[in-house]
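Residues per chain, in single letters:
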Amino acid sequence: MIDFSILQQGLAMLASPWTFLALSGGLAGGILIGALPGLTATMAVAVLAPFTFFMDATIGIPFLLGIYKGAIYGGSIPAILVNTPGTAAAAASARDGYALTLQGKSRKALELSLFSSVVADLMATLVLIVVAIPLASIAIRFGSPEFALLYLIALTMIATVSGGNAAKGLAAAGLGLLVACIGLDPMSGYQRFTFGNTDLLAGVSLIPLMIGMFALSEILMQLTHPPEGQQTAGDVEHGGERLRWAEFWVLRPTILRSTSLGTFLGSLPGLGAEIACWIAYGLARGRSREPERFGEGSLEGLAAAEAGNNAVVPSALIPMTVFGIPGDTITAVLIGALMAQGMMPGPLLIQQNPGFLFGLFMVLLVTNLLLLVFGLFAIRWLKQVTRIPHAVLYPCVLLLCVCGAYAVNSSTFDLLILVFGGGAGYLMRRTGFPIAPLIIGLLLGPGFESALRQSLVFSNGSLAIFWSRPISLVLLCLLVLVIAFLAWRGLKPKGATLRLPWSRRKKPHNANGGDS
Amino acid sequence: MVDLMNTVLSRRSTRLLETLMGLGTLAAGLVFLRIVHAPTAPYGDPGYIGSAAFFPGLMALLVAALGVVLMLMAWRPQPPTPIKTGRTSRALSAYVLMVVVAIGLPWLGIWLTSMLAVPLLALLFGERRWYILLILAIVPPVLVIHLFEGVMGIYFPRGGWL
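Here the protein sequences come in this chain order: A and B.
So the mapping is simple: my numbering equals the position in the first sequence, first residue as 1, plus 5.
So the mapping is simple: my numbering equals the position in the second sequence, first residue as 1, plus 22.
Just to be clear, a hint being listed does not mean it is correct.
Away from chain A, derived, C-beta distances all over 10 Å, residues of chain B [unchecked claim]:
#	residue
1	S32
2	H59
3	P61
4	T62
5	D67
6	V91
7	W97
8	P99
9	R109
10	Y153
11	R180
Chain B regions said to be covered by chain A (calculated; three or more residues, Cβ under 8 Å) [said to hold, decoys possible]:
#	segment
12	42–55
13	79–90
14	118–131
15	143–151
16	157–167
The hints are simulated quantities; they were obtained by calculation from the structure and are not laboratory data.
For clarity, every value in this text was computed on a predicted model and none was experimentally measured.
All C-beta atoms in this analysis are idealised placements derived from N, C-alpha and C, irrespective of residue type, glycine included.
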């Protein structure tokens, strides 16, 4: 039966002018940040997350969702205009988008990118709404063994898929789980590995560490590998004819296929928009009647890449809202922001704050309409942002990182965590260690530990608890299948591009495990 | 002149670096194991499921084992994934700057720290025009600090020198 009070709460959240303002501001800011080559969506959400701690959750979380969606879309603008993807998720869009720009059809390319993004995002949001509630009703029945297995599946997938080398991914996840042990033991309340430091009682501050690992390390990577001869929007001709309805209409099978693929991939932990765009692009090429046009300015290729990466955004929220497991690094930051607001993503969120969750779903739908409006403005005016030099951009990012990390707890100790994260993130990226498993291990660590220990305590140390219950047996089979599939796939080390800044990776590598 | 951007580390150096990363992972695991298994057993018996030492002990063992695997993998017959050298010295200089900012902020205060750090980082990015550096020293700190202090009510350390 429909609970009208929940609908009322959700609609009240949407009707609030502050929520609308925050959403619009976040979306506009996200498009702007996404369009700046070198600033990733993860970095944007991580750096701006501290701002939301001083807002109500109904304002702060829509703000971050706006940034997330805006940045993923915004990354396609410089990809199309100057062949420099603003975010890794837009890398596939650069191939045909830039080819269209060189043919004098940049306006058509930008409009196609926007419309494909909006359609894909809308469809994936509807899937999220339809799927999340029934899945959550199943998740509520989960006990400790099921959650322990679920966390293990998520960590295995993230660790092995997110880097070129499975051993490095697993080591990063293990280190994340170890760092998560610092602070109070979740079951007995013992102080562990704090060495008498009261700043570590609540564990290592997640947001400063994430800002360091994603943003400071990106600054250091940009210094190490500065862009070579980067074009600006002023160097090429823009404009040309507009996209015709008939041209867009014939692309509907491609967009539908890419959206379905992006939605599926996004709902799996560890697979972010930057992988989905390439797989969707490859699939579209395989199914196309004109595969030879891919890379030469194919509208099909551009639509597939854009639909694929934007469909990931809402679907990555499925594991987050249902199980409390981040689908990618951006949702990891979102979980951190929700926890800072006193909310625990997962089945409890749906049980305790159904109105808030319904409101978020409504916000996601409205964001699509706003994305269309803001996107049309961005197409016209945002090409100028590609002129901003890195020498101006990154010092400002550093200042925001320092102030944002300090603002979380008003603690200078958090600044040390920030620079430690920056150094560790840089070292990991230079040597091909993926950052995502470490962060997600750190995030899931307390939950995983509690679930594992509770399960073993209930069963007096017997592992049979993991296969003696029907749901846990299914999850155990799933874990075995995941491991078998990953072993079969044969994880091979990938190229040196893994160690370049995220913004300049143009190959279908997933070096960063869902960082977009 | 050596093209730093397209130079990769030699196979031997890459193997050495990969070994060091494996060694670092092993060391992290061993440090946690050492603490958990200390004679005084600070968090209880690591073999008992209910103790606070059980999970860290298990994870430390896993990490140490993976460290060994990484060290062995660094010396496989197949050539390792090459590592581009790039301008590491600039990145290290920037990192030193970041560490100085983090440590120095409580003593130097937010204004002095940010007014020095922002243009210095711009210098490392290759900006040499004095007026741009001057603008960077003033405008971003004023905007960002006022945003945090004025709008969000977060007050930063002013430093002992004021």
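Results of checking the hints against the structure:
1. S32: holds, 14 Å
2. H59: holds, 13 Å
3. P61: holds, 17 Å
4. T62: About 13 Å separates T62(B) from the closest Cβ of chain A, which puts it past 10 Å; holds.
5. D67: Nearest chain A Cβ is 12 Å from D67(B), so the label holds.
6. V91: violated, 5 Å
7. W97: For W97(B), whose nearest Cβ neighbour in chain A is about 13 Å away, the distance exceeds 10 Å, so it holds.
8. P99: holds, 13 Å
9. R109: violated, 5 Å
10. Y153: holds, 12 Å
11. R180: Answer for R180(B): holds, closest chain A Cβ roughly 13 Å.
12. 42–55: n = 5 at 8 Å, threshold three: holds.
13. 79–90: With 6 residues in contact (Cβ-Cβ under 8 Å with chain A), the coverage given for the segment 79–90 of chain B holds.
14. 118–131: holds (count 7)
15. 143–151: holds (count 6)
16. 157–167: Holds: 5 residues of the segment 157–167 of chain B have a Cβ under 8 Å from chain A.
Hint check: violations occur at hints 6, 9; the rest are consistent with the structure.
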